[in-house]
Amino acid sequence: MNTMRNNKRSAGKLIKALAASAACIASLTVANPVHAVDFDGERVEWIIPFKEGGGSDTWARFFAPLISENLPGKPAIVVKNIPGGGSTKGANQFQRKAKDNGLNIIGTSGSTQFPYLLGDTRVNYDYKNWTPVLASPTGGVFYVSPELGIKSAAELASLRGKELKYASQGATSLDLVPLLAMDILDIDVQAIFGMKGRGAGRLAFERGEVNVDYQTSSAYLKKVVPLVDEGKVVPIMSWGVLDEDGNLQRDPNFPDLPHFAEVYEMIHGKKPEGTAFKVWKAFFAAGFAAQKGIFLPKGTPQDVIDAWGDAVEKTVKADDFKSRSELVLGDYPQAVKGKAVKAFKAALDISDADREWVRNWLTSRYNVQL
Amino acid sequence: MLDAFLTALQTVMTGTHLLYLAGGVLLGLAIGIFPGLGGIAGLSLLLPFLYGMEPTTALAMLIGLVAVIPTSDTFTSVLMGIPGSSGSQATVLDGFPMAKRGEAARALSAAFASSLFGGLFGAVVLTGFVLIARPVILAFGSAELFMLTLLGLSMVGVLGGNSLVKGLSACGVGLLLGSVGGAPATGEYRMTFGNFYLMDGIPLVVVGLGIFALPEIIDLLRQNSAISEAAELGRGWVNGIRDLIKNRWLALRCAIIGCIVGALPGLGGSVVDWIAYGHAVQTTKDKDGFGNGDVRGVIAPESSNNAKEGGALIPTLLFGIPGSGSMAVFLGGMVLIGIEPGPSMVTSNLDVTYTIVWSLAIANVVGAGACLFLSKWVAKLTTIPYALMAPFMITVICFAAFQATRDLSDLVALLGIGVLGVLMKRFDWPRPAFLIGFVLASGMETYLYQAIQFDGLGFLLKPGVLIIGAITAISIYFAARHATNSGKDDSSTETSTDSGTQAKPLRPTNLGPQKLFAGAIFLTFAYGLYDAFQQSMLGGVFTGGVCGVMLILSGIVLFKLVTNQVEDTVNFDNEVAAGYQGDQSIASLLHYVYWIAGLVVGCYFVGFLISIAVFFVAFLLVKARASMLRTFVLCSSAVVFMATLAHVMVLDLPSGLLQETVHMPWPLN
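Taken in order, these protein sequences are the chains called A and B. For reference, each letter of the first sequence is one residue, going 1 to 370 in the numbering used here. For reference, each letter of the second sequence is one residue, going 1001 to 1669 in the numbering used here.
Straight-line C-alpha distance at most 20 Å; calculated EDC-like pairs for lysine to aspartate or glutamate:
| # | chain 1 | residue 1 | chain 2 | residue 2 |
| --- | --- | --- | --- | --- |
| 1 | B | Lys-1515 | B | Glu-1575 |
| 2 | B | Lys-1462 | A | Glu-206 |
| 3 | A | Lys-99 | B | Asp-1652 |
| 4 | A | Lys-165 | B | Asp-1455 |
| 5 | A | Lys-196 | B | Glu-1188 |
| 6 | A | Lys-222 | B | Glu-1340 |
| 7 | A | Lys-271 | A | Glu-155 |
| 8 | A | Lys-298 | B | Glu-1660 |
| 9 | A | Lys-51 | B | Asp-1652 |
| 10 | A | Lys-337 | A | Asp-245 |
| 11 | A | Lys-314 | A | Asp-38 |
| 12 | A | Lys-345 | A | Asp-306 |
| 13 | A | Lys-298 | A | Asp-126 |
| 14 | A | Lys-99 | B | Glu-1660 |
| 15 | A | Lys-322 | B | Glu-1340 |
No lab work stands behind these hints: they were computed from the structure.
With these hints in hand, go ahead and build the complete structure from the sequences.
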């Protein structure tokens, strides 16, 4: 009798408990917002698959309020950082969960594009499903220590046989581009991995721990050019930029420096050719020529894509954009709409044979297991 | 230079500058008090307002925000034993026992006064140091940084508790756990079992929360009392400030340590508080109180971690290399405002640098001052019955852990590390030694590998290496002297780094549970060694070496236990020492682990909010025996708070299978 009453009481308590938790939750539930091409009162979530405070994060936070102004209804754009897995985690999540209503976008960088090109097992996203609306290019400059005794790219061949060291983040990071470049030039460079970023690599160079290095354009301009003036750095070449037809041209930021294809010709005495160079160019495109981009997810309706394209175009064509953006973006033309689509098409198109080649190269050269 | 000095002084002292600075400080305090958030979430809140602001004003707000993050996280460290960020882990060791003793107000005021002192001292040093910093930083290469990690590791000698073999084994577990994930030299994945989460390594925040906070919560729940054992919060506030004045030289030395280590890019701020704490233990004569609520154990890490923020400014401003997580955010903010760090920060932009340095100092004064002022009242939280507080704290811990990588695996890792922490606490395997190993593992391996690649073994002869090596030797000498001293004075002066046990702990006679645990540790090292042999030479040599040594050390521990050496210092079981065993009123050790496990499993199925709501209601009704009304009020306020926080800060809460399959309305999605 007693037990029964007890049972009843505890059952009653359980029901009450459930009711209480249901009430807690119900008190919060609000109506689902109605979606429309007009984003008035909405909130755009911009996934950045990197940590707060890094280059891509700064890039996104620079663009967010400017694009917001130009979108119909001026929605708030908030940056949501989902770092991890070498940026594959945020991209995977975007692929899986993003809604096609124009309120979910992602900003990726070369570090997201490389694992995709390399066929990394962690990649569950497909760029072919996404529509780019902006491509932000950058460039890079390769430089050496004056102790090596060369003055320009023409003398690069004399470095063969010397002990060259390069401080790297990892063979599958953006450093793939300089490492492969040196390999193509038949110059043996010892890569020392485990650097926390390009900044750390530059510090190792300044300390004299390594004697060759490269930096992306904005870092080079702000932090290396002063060292060039002090005679502590000898600039050798830039990677170049891609023109409309996909050919390498000199980087307008560094008109005095030869680009990689020119250097190839100086060293080998012929126009660039072969699989290695083709692969280098593909990774250069994905890592520099179209380094960062804004993408809309699979199935986004054309009118939403157009609204975004217009907003981004208006943003980069604004009068004060160039002056405001220089510190964050460097002096490179931002590709929008069709041009962005074209840039990423070039950057993310790699044949299976070429992919196999680069995977083999990474494994044999750097013991990388992909 | 004098020119820059005066311009900066003028800027800093204007009314608007101070006003915005204070605004940033208040925002930083409000956010920073929540573990796991801090400056990063603050930045996303602040950023929309930075646009269109005048750069120096925007800068003021930004500095205010960043400066107080290592200040306000002290609240949870001291009051609840929850390390709010990596910089306040060492504070937990003595701050929380003080709170338990009813001296929360004293601990807090000592902590904030030390923070204030450290921050101000850091600014003074920076003013001169920034001018000569460039060559100094360039003098610290990989070789020197590797030696610094060794110096940090030598602190295990003083923080290793009663038994040196056990202390070193615990440190080894930390080293091994810290090596999980990609190898620095080759990128090979070690000990990851093909799990994507483990490939990135286990986040420090999760480890800190699991190893310190969860075991304390469980212990307090089992005792089922308020945090503070004393009914009155008696001795307090003024004493804390007096404590600082009494230990001013210790605070000064720790502030110097903070400045120097903070200024070196690459080592990370998470080591600073441990080095300072170890230094405090080394240099005091009566060490018995450490770990049981010695105020010096609060003063040392707190005066170093605010000085560290000042130090970390140097590589950030001069090289554009952030020395800590909050500095990375600060750097991003600076670029957005339009200030590019670089060599010009000590030449043409010197006035900006000084503005930043002094703003940081003022922000410290305002922030630590406000906390100091508040601590008297906030300390009263420790008198609330624990069963009522616990669900809030568990919610906060889970939320903080989830912010580490925003993955449900964070919660699983938290639970796993929590169980390890519970067992380590029970068998007195020193958790600080474990954490030091964990914090230093990746830096040690990376810098050793790089140093050898850069200079060959010749790196050992570099002058900087020799100097740091000598300091390390002195540090080990102090530790050894400490060990022999306590040996001489018999066991009555022995210290226990963890629980507040009596002078002579009861030795358990049934060593079964200890044997199992030590055996599991031994097997873990064996697995680590096996795993190392699966890697290439460069990828496996570090973990293989660690495991090889640790197999011997943990083997000794295991041998002593298996042969039933009851009187050996290795033998310890808190269940016996604290008298829990045989006490019917105390829940079993795993009882509350199941509760938390239930919460995590719930998150997997129905997501965080629903799971938390059910957890709250169940816990309050069953464990705290609260009334329905009270339960409802507490539960809904917690749920509403979490949902609002997540929405405003654009943070995800863990979602479960339910959210994956069914579309749920906000906030349940």
